[in-house]
Each structure stands twice: as structure tokens, then as C-alpha cells.
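Heads up: the protein sequence lines correspond to chains A and B, in order.
Just so we're aligned, residue 0 is where the first sequence starts under numbering that gives the first Met the number 0, counting upward by one.
Just so we're aligned, residue 0 is where the second sequence starts under numbering that gives the first Met the number 0, counting upward by one.
Just so you know, these hints were derived from the structure itself, not from any lab.
Don't take every hint at face value.
What the hints assert, rightly or not - Result set (EDC-like, lysine to aspartate or glutamate): computed pairs, CA atoms no more than 20 Å apart in a straight line:
| no. | chain 1 | residue 1 | chain 2 | residue 2 |
| --- | --- | --- | --- | --- |
| 1 | B | K772 | B | E921 |
| 2 | A | K24 | B | D853 |
| 3 | B | K448 | B | D358 |
| 4 | A | K104 | B | D358 |
Predicted, not measured: the structure shown is a model, and the values here were computed from it.
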Amino acid sequence: MSHLTAWPVFLPLITGFLLILLRGKGIYYQRIVSLSAVAGLVALAVALIVVSLPGQYQVYLLGNWTAPFGIVLVADRASALMVSITAVLALAALWYAVASNTDEKGPHFHVLYQLQLFGLNGAFLTGDLFNLFVFFEVLLLASYGLLLHGGGRLRTRAGLHYVVINLIGSTLFLFAVGTLYGLLGTLNIADMAARIATAPGDSLGLIAAAGLLLLVVFGVKAAMFPLYLWMPGAYANTSAPVAALFAIMTKVGIYAIIRVHGTIFGSEAGELAYYYMPWVLGLGLVTLTFAALGVMAARNLREQIAYLVLASVATLLIGVGLNGSSALSATLYYLIHSTLIAGAMFLLADVILKGRGAFEDRFESAPQLPNAVVTGSVFMFGAIAITGMPPLSGFFGKVLILNAALHHEWVAWVFTILLAASLLTIITMARTGSSIFYRTLPPPPSPAAGEPLNRNAFMAVIGLFLVSPVLVICAQPVTAFTASAAEQLLDSTAYIEAVLSAPAVNNPSIEE
Amino acid sequence: MTLLSFNIPVVVLLPFVGAIAAAWVSRYSRLASAWAATIITLLAMAFLAPAAGLPFQGETLIQSWSWIPGIGLTFSFRLDGLALLFALLILAIGLLVIGYARYYLSPKDCMGRFFAYLLMFMGSMLGVVLSENLIQLVVFWELTSLTSFLLISYWRHRQDARLGARMALAITGAGGLALLAGVMLLGHVVGSYNLTDVLAAGDRVRASELYLPVLVLILIGVFTKSAQFPFHFWLPHAMAAPTPVSAYLHSATMVKAGIFLLARFFPVLSGTPEWSWIVSSAGLITLVIGAYIALFQHDLKGLLAYSTISHLGLITLLFGFGTQLAAVAAIFHIINHATFKASLFMVAGIIDHETGTRDMRRINGLFSYMPHTAVLAMIAAAAMAGVPLLNGFLSKEMFFQQTITASQVSGWAWAIPALVLIAAIFSVAYSLRFIHDVFFNGKPVDLPKTPHEPPRFMKIPVDLLVIICLAVGIIPMFTVAPVLHVAVAGTLQASPPEYSLAIWHGINLPLIMSILALAGGALVYTARKRLFAWHDASVARWDARIVFNAILGSLDRFAVGVTRVFDKGSLQNAAVWVIVTALTAGFIGWMGISAPLLGARELLPVDGVSLAVLAVMMAASLMTAVLHRRRLVSLLMLGVVGLVVSLVFVKFSAPDLALTQLSVEVVTVVLLLLALYFLPQSTPRERDKVRIGRDIAISVLAGAGVAVLTMGVLTRELTPISDYFLLNAVPGGGGTNVVNVILVDFRGTDTLGEIVVLALAGLGIYAMLRGMKLPAPDRDSQGRLWSSDNHPEIMRTHTRLLFPLMLMIAVYIFLRGHNLPGGGFIAGLIAAVALIVQYLANGIAWTSKRLRFDMHWVIGLGLLAATATGLVAMGLGYPFLTSTFTYLDWPVVGKFEVASAIAFDLGVFLVVVGATVLSLVELGKLSDSSHKAEQQKRRTEVR
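Chain B with its partners taken away, still in its complex shape:
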């Protein structure tokens, strides 16, 4: 394995690892993290170096590993000319910025955090430009958004930093998501997410019906990142970042990521009218607007930010032309803009650092204070203006040439060079302002600090960048030419067209435009005072940020509105939604299939008694609802419903169910009675007629729905699995009561689950009520005081007599359960009723003293017994809850059948008793303690 088989991911991932290192070493020394960052960057360069020669030999290096093969996501990297150019820019300017930042940051700023963020950003950027897989590219793309959020909000105590960072994240994050969608659609069209395949499939993509969505989505990503109109407004607000960040992110790297993508997809997406229209109009508008606004910025960094926007527009416009020569000019300008703009940002940082302000109305005449810096600034600004012998001039000439070429396309296209000339004039004017306003133009006004030259080493990065500006501008063939050539080849994925980097092409239209721009710019600058006044009075009030904030604000209000309207925090509202949805679902389900509602089975004859009983049940149900404000009556009505249901069970020969229903009914009503005591004495009357009507309608529909569903089932013939239970209850389960055998054997796990539910109810009630004190009413609803005669003597005596009898019945019901109606559940309820009656008749104190079981133990033992039968079976090599039974001969009684399931049933019995009594006693205690407190209070009041 050679270095060339894995070095590119190392280059990309090294800064991320280095970020941790840089943060870590900062605890030992402030400068250590700067050194760590420097070393990491140099190391990354060293790892890139062995591969750097390949693109010059016309080779494309691809290193790939499998990642998520299912969707064609590979972990893969690509080094061609374009990627190499960007990687070099990122690393080289990164290195300079690190050196610069080491002097820029004040002792208050945390170095470790800064350099960690910066390195993470560097890694993300490298990932964007070096990715072969498009999904992976989007991953790094979004990482640049995240890391730039961290960098912009570095001074987190400043509100403008926080807001600027959030705005940048919102805009670039949105673009990233659009890009993701675009890339996924593109991958769908091509059938691969690998750039190699995508770049080779340009014709197919352009012919695809998905071309327009792909193009628009990817361009949203590009325009947001590269601050193109109408998404340009985040960039000036990102200037709240420390200046090294602006120099790095907002001149050379992050904002160029969008441009990079334009170049990357140039062979795939360009060459169509859609591309030309969208890309060039966005570029042209951005170019003009940026150049215009830049002139009126009083903030040094604001001027540079808008100038950056304008230059990015220029590059976008070039790509929009869609010709190969335009692409050459675009790539060339990317290089040039990165060098002069990074140096200008650094100068702005030096001035800010040394004067304490960035306001150009106060910073004047700095030439005498810092001549070295001033010279650097002037050269860089001249390059920005496009002055001959500097790099900016060369690429601007090429640009002008391209606009002239483009103007011959159609009748209206002459507007392009015209508008470009206007932008160029403003560009010259703001460059002049940067030079003249700052370094000349009288004396400084009321500066917080007395300016002087910065430390020697803070200027070195600027020196180097300015030297590059000069070198490229004077001897392009010996400096930039090879890199430009290979980058263009990488962009076009073909050999570059013929172009000339000469400084002098003779007197031609581009040169005339250059001269016009320089002269016009000087003219505009002289007239600036009047222009400022006019601008401040009219255009200045327009700020895209206001629109952005308005959109976000109304989105926020909309979100709050929708959420609060739908989620009212009302239980009734939630319940209505569930019931209405259920009704709708049932209806839609049935409607979707054309099948009759009712089956063909004949109905049974109806007798008078049944009808009467059912009439009672319906009346009682109705009364329960109608009388809900008189709670006691309503509760009794509910009891009636339950009793009638158990009669229905009897009628249809289900004695087990009838018994269960009966005992459950008794226990439930007692529990509810205890709970009623704590509810408010009166229920507020519903007054909203519409709502009452709505609720009645829903209830009627719900009832009708259930009736229809039941009728539909009951009128059809059924061949269920229950025959098996009838056949196997005796031979397989050892019991003649099939219901009981189902409960404890065939479907024992259900029963186990249900007794856990019961246990949970008991424990839950215990947990909820323990230590709780509720305000108890001292009078009933008619205003009468509670009787102080708690435990009537007759009831007390009789219940004590009845107690052993009731327990005997419970035991009897329990024992016969496997063969005759009965079983652990019913027996448990009967025993529970026996105990509850004691509590009711004799009071909690008296009964608790005599019944010393901890009901928790009863529940625990019950669960233990039920589970143990299952575990024993497991121990014997059978599945959980496998039962067995045998016949014993008892004296007197005779042949007696013993099933292992009886142990299970005992568990059921114990849990039912334990949980029921625990809940009741806890409720009773609560009422007891609250009641006593109330009586206490009354007594003190009387005294």
C-alpha cells in the first residue's frame, strides 16, 4: 500500500483530529494551539504533496472505500486539477490566517476554541473540494455551515455575532438541504453518486425530465453559499466574526464553495438556456448590487463584504455564460480574488486592531501612522479595482472580453457589458475609498487607540499575499499559468481552450472598458458626499435582513398559532380527535372495498324479557351520561349497566363471565365511590350549545359505528379455532371448564400479563397516593355535614360474622374453577370484597390492626406463584407455562384431579386480592387522613 492509495482522506481528516489536539494543548499554553494548528496544516500539505503532481500529468486520483453500498454511498476522494487548486487555496491561505490570527486574538479570547473551530472548518472545506462521492460532498458542505456557525458566533457575548451566525446557518443550511435534494435527484438520473460517473453523464442529465429540478436545487445550494442574490444578505452580517475568520471564510474559502460547485458541475449542467438564464442573471444582479452597496458602507469590513458579494457575482456571471473561455476567466478570477481579498481583510483587521474601530468616517490619514500597512493595502485594493500590472487587471480584462462576446448573442444582451461597466465603476470607486478614506483624507477622528504599525509577524501573511498579487499581475506565465491550466482542465474535464495571459493585447474594447471604469470610478468617488446623502435618504432603508426577519417572525407566529390551536392542552379536544379519527378510519376502510355490511346469517328470535332487560340497560347508559352532574346517581346507573351486562352473559351461557362481571362491578363501584369523595361537589354546566351538539353527534355516531361493526360480525358464519379448545381442554389441560383452561393454560400468558396489569394498578395507586393530602369537602352537595357516626354497629357485627363465610365461598369458587364456573380471578375478587367490607364496616385502623399482611407481599407472592409454575416447566425442558396434571385418590373425597395450573391460578388469586385491597386501602387512608384533618380544623374553629 503506497501513500497514494490513502493520502487524500488523511489530508481531509487530519484537521478534525488536529482540532481536538489544538483545543487540548490550549490548556497548557495559549500559543501552543496556534502552533498545533500550524503543524497540522503543514502536515496536511505534506500529505497532499506526493499526489499534487498527478493532475499536471493529466491524471485524476481517486481513492475509494465502501460505506453504505445499499444507496451507493462510498467513502471516496478525488484529486483533479480543480480540486487541487482549491485544496491549495484552502491550505495556503489557512496557514497564513493561522499565523495572522495568533497576533490578532486578544488575551481574553480562548485560543484553543478558535483554532479548533478553524481547523474543523478547514477539514470540512477540504472535504467539499476533494470528495468524489456527492453525498459525502454534501456531508462536508453542511459541516462548513456548522463550523462557520461556530466561528461567526465565536464572540458569543455579542448579540450581532449570535444573530449573524444564526442567519448564516439558516441560509446556508437551507441551501445545503436543497443541494442534498438536488444531488440525490442527480444521482437518481445518473444511477450513481460518484463524480466520475456524473461528469461523464452530462448529456443524459441535460436531456432528463428531472434536469430543471436538479439544476434549481443545486443552484439554491450554490447561491446561498456564495451569497448570490437574493440570498446575499447573510454575508455582511457574518462580519461579526473575528477578522481572521472573515479573511478565511468570506474571501477565500467558504463563499467559494458555491463557486466551486458551479465549476464542478459545469460539464454536467451548463450549456442549456436554463443554466444561462438563471446563473448569469443571478450573477449579474449580484455583481451590480454588491458593487453599488459596497461604496456606501462606512464599516471597513462591510465594504469588503459587499465587494466580495460583487466579485462572487462576477464569477457566477462568467460561469453563466457557459463558454469554455468564460470558465477560464472564472477560475482565474477565483485565484485572484482569493489573494487580494484575503489580504484586504487582514489589513482591515490590522486597522481594527490598532485603532479600535472600523468606521471609515473616523479612520483617516493612517498613512503617517502605518506606512507599511498602507502600501500593502493600496496594492491589494488596486488589484481589486483592476489596475494594470496587478492580478485583478488580468482576470477583469478576460471578464470584459467575455461580456462583449456574450453581448452579441441577442438584441438585449448589450445590457450585459453596460451593467458590468457600471459595476466596474463602482468597484473602482469603493477601492479608491478604501485607500483614500482610510490612509489619507485628513486626520483621524476621535480614535479609541493611537494607531501604530502592528507586530512584524502580523504583516508577513499580508506581505506574501500582496507579493502574489504583483507576481501574478506582472509575470502571469511564470507564476499562475500552470495551476490555472490544470484547474481549467479539471473544471472542463477536457483540455483547456486557447487563451492568452498577456498583459498587453493592444487597444481593444476590454481595455477601453477598463479605462472607462477607472476614470468613472474616480469621478464617482469625488462625488461621493452627494451620493452618500442621496443613498442614506432612499436606498439605505432597504435591507434584505428585514425581509428575512419578517419571514422568520411570521413563520414563528404561524408555528405558535398552529400548535396552540391544534394542541389546546385540553383532554376533551384530544379525545375528540381520537374518536373522530377512529370513526373516519372505520368508515374509509369499509368504503374502500365494495362488500356488504351485514352477513347472511339469520337473526335469532327475540323474547320479551330480553327486550325489557336491554331497555333497562339502554336507559341506564343514557342516564349515566345525562345525569353526569349528579355523580352519585350517575355512578349507580353505571352499576346498573354492569349488572345488566352480567345478565346478558348468563343468557348466552357464559357463567364465568357473568360471575367475573358481577364481582368486578362491585369492586369498581366501591372504588369509584371512594374517589368521588375528592371530586369537586358540583360540575360546571356545559353552556356551549354547539359543543354539546357536536359531542352528542360524535357519541351517537360512535355508538352506531360499534353497533354496525358488531352486527356485521354476528351476522356472518364463523369457523374459529375454539373447537380445538373444546376438544383439548380435558385431555390436554385437565379441566372441564374450558374458559378456565383457556385462562390458565392455553392462553396463560395473557392472564399473566393481566395480573401484572392489576398489580401495576395497585402499586401505581399506592405510589400516587402515598403522602398525598387532598382537600376534602366538609359537607355533602346539599350542604349537610358528614355524619360523625362512622361505623354503624349492626353492619359491624354482621360483617364480622359473614367474613369467614365469604372466605369459604372464595375458596370453594377457587378450587372448583378448573372444572366448573369459578377460578382464581373470581375467587380473588370475592375474597377482596370480603376484606373490603371489613374495612368499610370497621374502619381502616381497626381492620389494619388485625390484618397484618403487607399487600405488597401478597402481590409479590402472587406473581411469584404464577411465574414459578412457568419456570418449573422450563426447568423440566418444556416451554414456559407448560402445564401438567394428575389424579390423586383422597380419602372421603375420592378421585381428585390436581393440575399444575392450580398454582398459577393461586397466583392470580393472590394478585387480585393484593392489588384490589391495596388500592382500596390507600384510597381509604387518603380519605381518612383528609377527613380527620378537616374535623380537626372544624374543632379548632369551634373553640
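Chain A with its partners taken away, still in its complex shape:
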């Protein structure tokens, strides 16, 4: 019995309550425990990827109850990939938090951080729709706590918007799950997919309604138009490591659409097969338009990066909406890139903000940053990556998605909006870089000066950015992996078969 599938979920949970119990020991112990746990998570994620490579589903029956009666965790290539991205991002953001002492700005940072990872990994691995709801709640509460970490008026306000909108989302989730359970009689995703094929025709209308309601729920999480209003404020106003970790939060929504909708309303769903796809694609295109305009309209760097994250989410939605193995493969490739680069950008924005002292990250002339050459070069690198200019991974992700769009009937729309949005972000980022790094004032009197570069913390930024060239140079194996993950995601028959036939370990209590 291999427990590998369960460990990425429960390691952060165990670390979380150990950290509660270690509360009195001081920040030093907390940091060691927290960092080693996340490092362990990276190792687990790598192991999970390796195990997923041959293409088997790792089904883990929690409580030893077979599906659909108990809750299952399912690891396949896509979920292993998501867990890995999370682990890498979490390690870098945590390193930054520790190196910049952000974790000391309020109580329980590490506890909340670990429980956030519990929620994330749970959401990526679960095979049960209601369990997904539970992990969404864990995520929501943990992220709300993290969002408020450090306090402040703007942060509290953004946090309130975040939590209220997401609670509305949770309520809708319950409506949707309740309806689906009421019509299909099950909560297991694979079982739902199996039952939808034989569902009576007169209930398909309500099932379709519940499915789109669920799309709204995931759309709130993913920040899809017009549901993203909680997002720019929350990302722009929280502390840097939290914003960086949140780069994966929107991807939870994307992943949920791929996994839940892709399985339940997949190719086997008869009349409802992929009926939601035009909405994903259409709203993705609208989101991208609004995101590009938002990038242009942003008033400070962090808000701008938040809108850039929105643009990347929109690009992912387009990739999902194009529907097909090449589009899905492109989406996964772009997802790796956009998550890690967005995380790095939030950290970099914090470095810039601290270096500019009282000018923070507003777009106005300020004295030159300390270590402007290094910071400026890294900013240029990041701007190239996040706007999707060559030669970094953003460009290749976009090309992959465009290539997948060539066969779609909306190809003209996808090309026009994707490329126009790219252009707007390129123009805007050139303006931003110019106003922060080029248009500088003479050096200020010493009290107004910014902090010198924190080299330890900066390593996290560099580390995340290095992923981009690696994704380009190793594009062949990476795209081969994402392609095989996409194939596996689209094969809902195999998924259903694997989940529903997973055997329980011989249970002594049943023998009696």
C-alpha cells in the first residue's frame, strides 16, 4: 500500500498543527520546521511526478472505503504537475518570507501557510466533489488569514472583499453540489461522470444548470470575467510572499474546471459533452481584454502585476476553452510558466518597493534604487517573461496556445485578442520599466532612502525566474509531459474505470 498520494496532503496538515504546538518555541524553530516541510513537499512532488509518468492513476481510498462511498485521492500526471508547481512556488515564497522577515509581522504565519498548502494539495488531488468544496473552504480561510497577515487598512478592506465574494462562491458551490447529488445520487467525480451518461433525459436541463453554476464557482476562484473583482485588490495589497503564493490560487479554479467539468461533462456525457466550453473560451477572451486594459490602467506596480496575473488566467481559460489535447497541453505548459513567473514578479515588486523607500511602487520619479542594475535587469527579464516576449517561456506558451487555436472556428478572435493584449502589456511594461528604472531623481537625503537589496531574499526571485529559460531549453521533454498529461485528462473513461475499480485493503473490521 503506497501512501505517496496522501502525503502531499497530510504533510502540511501535520506540520500545521505541530507549528501550533510549537508556538512558544520562537520564530527560529518555526522557520526550520516550516521550511523543511516545504522542502519535503518538493521531494514528494517530484516522486509523485515520477510515479505518474507511466500513466497509471494512483487512487488512494481514504478510510479504506471504496469509491464512490468513501473519499478518494487521485494522482495522475496533471494533478502531480499541479502539486509540483505548488511546492516549488511555496518553497520560493516561504524562503522570501523568512529572508525578509515578513513572517514576523503577525502571528501564525507559518501555520496558515502550511494549512494553505494542505488546502491546495487537497484540492488538486481529491476525486470527490464535496471534498473539493471542503478543501476550497480550507483554502479560503487560510488564504484570508494570510491575506490579512501584517495588517493595515487597505489590506483589511481588500481581505473583506475577498472573503465575502468567495463566501458567495462557496454558497453557490453548495447549491451546485446539492443539485448534482440530488439528480445523480453521488458525490464522487468519476461516479458522476459514469452516471451522467445514463441520467434520465428530463433531468439534463437541471444538470446543465448546476454544471454552469459550478463553472461560476470555479470562475470566481479563477478570476474569470465578470467574477474577478475581488482579485486585483487582494493581490495588490497583501504582503509579497502571500501574493506570490496566491499566484497558484487562481490556477485552482482553472484546474477545477479542467478536472471536474472535463470529467463529468467530458466526451462521454452525451448531450452535455463539453457544452460549457464556448463559455470558457468566450469569457476567457473577454477577461483577457479587461485584464490588458487593467494592466494599462494600474496605478502601481503590484496592481499592475495583479492584472498581469489576470491576463495569464484569461490565457489559460482560452487554452481550456479551445478544447482538445494540443490546447490542453499548451494550457498546462503556460500554467507552469505563468504561475511561477507571476510569483516571482510579486516578490520582485516587493524588492523594488522597499528599495524606493517612501515612493513605494507608485509610477512616479523616484531616486535610483540601490543595486539598480541588478534589479533593473531582473525586472526586464521578468517583464519579458510575463508579457510573453521571446526568448522566454511566456512566448512559447502563447505560441502553443495559438497553434492549438489554428483549427478552432474562433481562430480570428483568439489571435486578435491574444496578440492585441500582448501588445498592450508590452507597451505598458516598457513604460513601467522606464518610469521606475530610467526616469530617476537625484539621490535623496538619507532618511527617505530605500532599503538596500536583501540578497538572501532576492535569491527566491532569481530561482523562480530561472524556471523560464529552463522551460524553453527543455521544451521538448516538458511539452512531451504536458501532452501526455493532457491525453490522460481527456481520457475520462480510463479515469472512471480506475477510480471506481480501485480495491480496498482487506479490512479486519469487516471480516468480523
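Starting from the known structure of chain A, fit chain B onto it as the hints suggest.
Relative to the frame of chain A, chain B by itself:
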């Protein structure tokens, strides 16, 4: 593996590696980076050399590696005649520019940065011309935009440099994206991104229905890069770059990248009316406009910039003609323009360097100060004007010949040679101005520096270029002919047509045009004073930059407008969007499938009591909303709703849910009461009637939507998986209370997640409130002071008596949970209520002194207990949270069942108690401290 199997990527990538080296060595010595750049360029040439002979033997060298096979992206390079010509131009002129720049840059300028950027640019350019794969070509294409951004903004303290760089990036970046789209569509048509396949598929491409989009998109890329009308305006603004950059990028290389692409795709895309119309009209307009404006530039580099635009238009026009001979002329002029324009830019840089200005109204009579430079400049400018015995004359003759050929096509085509002649006249005039205004024409006016000849080595690059101009112009057959031949073959992908490079073809129309141009140019130049006055008064006010800025400005305002209108920063606005979207989604989902809303199941009969209870609930819900401004009443109404819900649970035989609902309701109301204290005493009244109406409508619709959804589900027959739970609760889970067994066993992970949520809520509230001070009101909403009698004696006494009883009930409920209604969650809430009551009745200080648990520990231990049961199962080789149970015989009690799940339930119990009490105590402390501060203040005021 021979050198010929991998040398081309080395040539391309070497400058990128070299850029790092050049930047690195600059910390040791300023000149070291110049030397590094020189060595890198020479090395690149050395790597190219072994392959350079192949195109002359009619071979095309292709080196290819797999990259992203899924989309046909290969890492592959191609060396044919066209690529070779451009690679040689890039490397050779690059080498000269590096030598020149070493003297040009002042000690204030950072050498390392400059040469690093320059080398990166060189690598990008080489990548463009040597790419076999089209996507890869676009990669390098965009890299030239990026590196030229860095080079133009090299003097970053100057505003014109920053703006010029951004404008160049915006225009060429846009073109790059269009090119990407065009190339992808082209690859889609051909079925491959490899040039070899694309070049062989010309007929298929031209016949494709996607031909026009492909053509237009690729041409946008070409025109933006090569500064063709209407995208020409960025080039003059890019002149803010250091002059070596202008000499390199804006004469010989980057602006030629677009031209290169025209040549590259010539066999694929040309030969259609669309091609001829678009390409030749853009070229012709650019040729004329550029030549005209160039004359009126007072800035030396401005003149050269517009002249470049004009010459690029000339080459574009030639390609637009679409004939093979026109292509020959175009390629020939590419070579010639690169040589004379690079040398002219360098001269302009020398003059700028030595006089401190580039304004031709001040620079006069320099011949006496720098005769050597003057001679070089005059030869190069004469080549630009098309004076015989210089290279410019030869290609211009060929050009005139082509325009005459083209004029025979249709009735209106005579306009082509006519307009070309006008452009040629202006071209002669501005060349004359460059010579006469700068080197003669009286004395210098108020120069910042006294001019003198530049350092010997700064002139050597110019010397060499001017010698080439002469050599090509006088003995073309022995100099340029072989290169031209092979480049034309590479362009056409076929053997070149018959053409003659002779200087003398007898007296023919092109020669007459040349003579007319020279004479007319001299005439125009003499009349320049009057022309300047006229131009300044009329045309000068027209500047495409104004249009560009207006477009960008309105785009910016539009972006701000849209963003602020949609994202108002208002929570209500965001919530409305979510709810309206959900309603729409549900409606659309249902509409999309033609299926009835309600099922066939018969409804149950309704009794009077149920109706009455439901009426109470509905009334209470309504009151909660209507009375929201009176918060206390509204909150009590909410409590009523909750209580009625628990009655509904009772009615439908769900005692566990009823108990849970009841205790949750109590705890929630207490928590909200504590929080109410800090809210403002009065809520502002909503006055916007429209908005109230809108919100009421949305609420009603949302409520109706949920009701319909529920009815739809409840009126249908259901065969859920719950039978399995009923059957297996006792044999598999060891408990007769199926709800509890589901909670702690079948779906224990859900419960684990939920208690983590609860723990997070407690910890989150703690983290948020710790150290917080909120302003507390000193009076209630009616203006009464708070009572100072905090803890009524009767309540205090009774609650202390009740405390052990309440705990006993909690324990009882907990223990029986697995078999009868109850369980850890409910028991935890009851225990929490017992504790909360103590806090309320006796005050925080009194209770905390007696209850010394740290609630964090309680939460931590609870999570530990719940998880540990899971881990133990893992240790025994079962999945996480696998339960077991056994029966024990206790004296007195009898047979007693013990399930491992009870440990899990204990964890639930502890977390519920810990989290609830932690939140309440923190809220209470906050109110306590704020209240005390308030009282303190009042006391001091009284004193």
C-alpha cells in the same frame, strides 16, 4: 561531427554569450569590453567562414535539432545566398561599428553595457537572417526589437531617448506580433514552419484562402520594422540613440530586417496583384515622403533618418514590382545603401563628437577644420545621391529602369517613374545639403567646441566603407558581382536572370532620369531658403508622432475608464456581478437543454403547523433584511430563522442536524453580538431608489432561482449511494448513528477538513485581533451610557452552578454520538457554550484566571488527535483514517463498543471548543480593552 554540422547556431549564439563576457570584463577596464566585442565578432566570422563557400556552389546548408516537435518548432538554421549576404553585412559593419564606438563613447558612458547590448543585438540579427524555422525567426525578430529598445534608451537620463525607445518598441513590437500571427497562419497553410517547405509551397500559399491575411500580417511586420509608411515615424525618434547605434541598426541591419523578410518570402508571396498593390504603394509613398522630409531636417541625423526611410521605400518599391530583375536591383541597393549610409552616420557622429551639435544651421564650413572627414562624407553623400562612378549610381540606374518597365503596365502607371523622379530630385538635394551646408556655406555659428579631425582610428571604419563605395561603383564585376549573384539566387530560390552591372549602358531613359535628378536636385537646393520657409509654415506641423501619441493617450484613457467603471472598488458591485452571473448561468444552462423543470414525483401533503412554522421563517427572513439598519433586531430575526431551520430538521427526522444547527445558532449569535459593538451605531440610509429596486429584483430572482432548483431536485426520484451507508454503518463502521459514522468514518476526511477550517477561523481571528484597538462607542444607539454593572450577581451565581452540568451533557452527547444523535461536533459546541457563558457572566479576567488552557494548545491537540488516528492506520498498512472497532465488557455498564473513530471525534471536539472559545475570547478582550480605554477617557474628562 564536422564543423559544418553545428557552426551556424554557434555563429548566432556566440554574441549572446559574448555579451555577458563584454559586460563582465568592463569592470576591469573600459576598453576591455570593446576588445571583447571585437574578438567575439571575429570569432563569429571565423565560425561562419567554413560554410561561406557553400552558397557559391549552389548549396543550401541546413542544421536542425528537435525542439517542440508537437507544433513543428525546430531549432534550425539555414545558410543560403541571401542569408550569407545579410550575415556578412551584419558582422562586417558590426565590426566597424564596434571599432568606431570605442572612440565615440565618452568616459561617462558605461562601455560594458553598450557592447553587451550591441552584441545581443548582433546575435538577434544573425538569428533572424540565419533561421530556417519561422517561429524561431520570429523569436530573433522580437529580440531585435528588445535589444534595440535597450540601445536606443542607452542614455537613459534623456527623455527623448526613453520616449524614442518606447515608441520603437511599441511599433516594431506590434509588427512582430503581427508577423507571428502571419507566420503561424502561413505554417498552417503549408503544414510546416520550415523555410525549405514554405519556399517550395508558393503556389499553394498563393491559392489559399488565407493568402490575404497571411500577406497583410507579414507585411505589417515588414513595414513596421523597415519604417515604411504609415509606420515610418518611429525611426527619426530612434535617433536619440548613440550614433554608432544609428549607424548599425538604422542603416545596415535592423531596418533591413523587414527588407530581408520581403526578399525571403519573395518566392512565396509575390506575384499577385495584392502583393504588387500593397508593397509597391507603401514603398512609393515612403520613398517620396522620406526624400521630401529629409531635405527639411536641420538635425544631421534627422536628415539621414528620413533619407534611410526613403531608401528603404525604394527597396520596398522594387520588391513590389515583383519581377526577378527588380529583385536583383533591390538586393544590389541593399548592399549599397548599407555601405554609404553607415559611413554617413559615422561621419555625422564624428561631427557631433567634434562640434558638440548636430544642427546644420550652426555647423558650417567644416571643410577647413576636418578635410579628411569632409572628403569621406562627400564621397558617401554623392553615392547616396546616385552620382556616377559610385555604387549608388549603379543600383539607382537599375531602379529607374525597373520603374520604366513598370510604367508600361497600365494607363496610370506612368505616375511611378514621375514620382520616383521627384523623390530622386529631393534625394540629390538633401545629399547636396549634407555636403554643402556642413562643410562649406560660410563659417560655423557659435559651436560648443572648436572642431578638429577625430582620432585616426575613428576614421578607419569610414575609410573602409567609402573605399567599398568606390570599388563597387567603379569595378562592380570584380567586387560585388559574385556576392550579388549568390544573394539573388538565394532570394529567388532559382538561378538569377540576366542582368548587367556595367557603368555605361549608352544614353537611355534611366540615364536621362539620373541627369534630370542631379540637375533638379541642384536647382531645388539653391531654392532651399524659400522652400524651408514654406515648409515650416505648412507641412512641418504634421507629425505622425502626434497621431501616435494621441492614439496611445486615448487608449490609456479608455483603459482607465473601463477599468474604473467596471472595478469600482465596491464590494456591492462585485457581489452583484457574481450573483447576476450565477443566475444567468443557471438559466442558460437550463435553457440549453429542452427538459422540464419539475419532476413527476407527487408532493407530500402539507399540515397547518408546518405552514405556520414556515410562515414564521419567511417573515423572520424578510425582517432580517428590512430591519437591517436596526442591527440588534435584525440579528435576533436571523436567530429566529436559524431556530426554525432546526425545527425543520426535526420534522424531517434529522436530530443530529437539528442539534448541530441549534448549538451553531447560539454560538453564532453571541459572536455577532460581540462584533456588533464595534460597528457604527447607525447605518446610512440607502437613498438611490433605482439601486434599491435593482437589488430587490436581484434578491427575489436569486431566491426564486434557488427555490426552483430545489423543487426540481425534490420532485424527482433519486437512487443515491446512501443505501450503502445504511447497510455498512454497523458492520463496517461500528456505529448505529449513520450520520455520525459518515462524519467520522465514511467521509472522515471532509470532517478533518472542516475542523481545519474551524481551527483556521479561530487562529485567523486571533491573528487579526491581536494588538488591535478599535474605537468603541461610549453610548448605545439611543444615546444612553453603557451600564457600569458588568456582571449581574444572579447570573454569575447560576452559571457557575450550571457549568459542571453543561459539561456533563457535553460528555454524554459526545460518548453516545457513534450510536445515537450526538458526536464530537455537537458536544464541542455545547462545551464551548458552557465556557462562553462563564466568560459572559464573570468577565474575561475572572474566567481566564481559572481557565488556564491556552486555546491554541486545545486546537493543536485536537488536530493532532484527529490526524493521529489516520496516521496509526497508515502505520498498520491501511489507508489514512481507516477505522477499527471492538467490543469491551465493562463491569456494571456491560458490553461496550469502542471504535477508533472516537479518537477522531475527540479531535473534532477539541478543535470545536478551542476555536470557538479562542474567537470569542479575542473578541471579548478587544471589547474589554477598548471599553476600558473609553471609560478611562471619560474619567479624565470628568476630572
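We went through each hint and held it up to the structure:
For a cut-off of 20 Å, the pair hint linking B/K772 to B/E921 stands: about 12 Å separates their Cα positions. Note on A/K24 and B/D853: the hinted pairing holds, with a Cα-Cα distance of about 14 Å set against a maximum of 20 Å. In summary, the hint linking B/K448 to B/D358 is supported, as the alpha carbons are separated by about 13 Å, within the 20 Å threshold. For the suggested pair A/K104 and B/D358, the alpha carbons sit about 59 Å apart, so the restraint of at most 20 Å is broken.
The structure shown violates just one earlier hint, number 4.
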